[in-house]
Amino acid sequence: MLEQAWQYQQWLAAGLILPNIAVNLSARQLSQPTLIAKSDRILERTQMKPKYLGLEITETTMMLNFDITYNVLSQLSKRGIGIFVDDFGPDYAAFNKWKNFLMKSLKIDLSLVRDLASLPSDRARN
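Position in the sequence shown counted from 1, then plus 630, gives you the working numbering.
For the record, the hints were derived by calculation from the structure and aren't laboratory data.
A portion of the hints provided could be inaccurate.
[As the list claims (entries may be wrong)] Taking CB as the label site, the calculated pair distances span:
{"no.": "1", "residue 1": "Q640", "residue 2": "N701", "range": "29 to 35 Å"}
{"no.": "2", "residue 1": "I698", "residue 2": "G645", "range": "37 to 43 Å"}
{"no.": "3", "residue 1": "G645", "residue 2": "S704", "range": "33 to 39 Å"}
{"no.": "4", "residue 1": "A643", "residue 2": "R671", "range": "17 to 23 Å"}
{"no.": "5", "residue 1": "W636", "residue 2": "A667", "range": "17 to 23 Å"}
{"no.": "6", "residue 1": "D670", "residue 2": "I738", "range": "29 to 35 Å"}
{"no.": "7", "residue 1": "I738", "residue 2": "A644", "range": "34 to 40 Å"}
{"no.": "8", "residue 1": "S661", "residue 2": "Q639", "range": "24 to 30 Å"}
{"no.": "9", "residue 1": "E674", "residue 2": "N650", "range": "17 to 23 Å"}
{"no.": "10", "residue 1": "N695", "residue 2": "W641", "range": "33 to 39 Å"}
{"no.": "11", "residue 1": "F696", "residue 2": "Q639", "range": "31 to 37 Å"}
{"no.": "12", "residue 1": "E633", "residue 2": "I738", "range": "27 to 33 Å"}
{"no.": "13", "residue 1": "R709", "residue 2": "W641", "range": "18 to 24 Å"}
{"no.": "14", "residue 1": "L648", "residue 2": "I698", "range": "30 to 36 Å"}
Only a predicted model underlies this, so the values are computations on that prediction, with no experimental measurement involved.
Glycine included, C-beta positions come from ideal geometry on N, C-alpha and C.
Start from the sequences, fold in the hints, and give me the full structure.
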């Protein structure tokens, strides 16, 4: 994450107009007790505004230890860091756990929507 934040700041300093960046976060990284403090230090060292940083996790990673993950990602979200969920759908699709989550983006896995337009069983009914 530090390398991406430094690079982003260098591009901004060079005058480039950039979209926000999203950094993939592994299950191992997410389970580190120092993740929040480390993220704070990186943002401080690079002087990157939290609103420009997003952390991307897969649904599978999030569901490994939902309560701890929810707590960590909620704290990061409250700091202004974007939370993005990738590959949503093929493993759990636990919508009831997600409805109050502070995420900025939900990327639905292709397997969930691939045949929506062609399968009669997936069409909306009145």
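Can the suggested window of 24 to 30 Å be confirmed for the beta-carbon pair S661 and Q639? Between S661 and Q639, where Cβ atoms are some 27 Å apart, the hint holds.
Do the Cβ positions of W636 and A667 conform to the proposed distance bound of 17 to 23 Å? Given range 17 to 23 Å: holds, Cβ gap about 18 Å.
Quick check: does the Cβ-Cβ distance between I698 and G645 fall within 37 to 43 Å? holds (41 Å)
Falls inside 27 to 33 Å, the C-beta gap from E633 to I738? holds (29 Å)
With respect to the beta-carbon atoms only, verify the hint that D670 and I738 lie 29 to 35 Å apart. Because 31 Å falls inside the window, the suggested range holds.
CB-CB spacing for S704 and G645 relative to the 33 to 39 Å hint: Cβ of G645 to Cβ of S704: about 35 Å, so the range 33 to 39 Å holds.
Do the beta carbons of E674 and N650 sit within 17 to 23 Å of each other? holds (18 Å)
Given a hint of 31 to 37 Å, does the C-beta separation of F696 and Q639 actually sit inside it? holds (33 Å)
Regarding Q640 and N701, is the given constraint of 29 to 35 Å on their beta-carbon distance met? holds (33 Å)
Return holds or violated for the Cβ distance of N695 and W641 against the range 33 to 39 Å. holds (35 Å)
Between I738 and A644, does the C-beta distance stay in 34 to 40 Å? holds (35 Å)
Starting from the range 30 to 36 Å, see whether the pair L648 and I698 falls in it by beta-carbon distance. Given a distance of about 32 Å, which is inside 30 to 36 Å, the answer is holds.
When each numbered hint is compared with the structure, no violation occurs for any of them.
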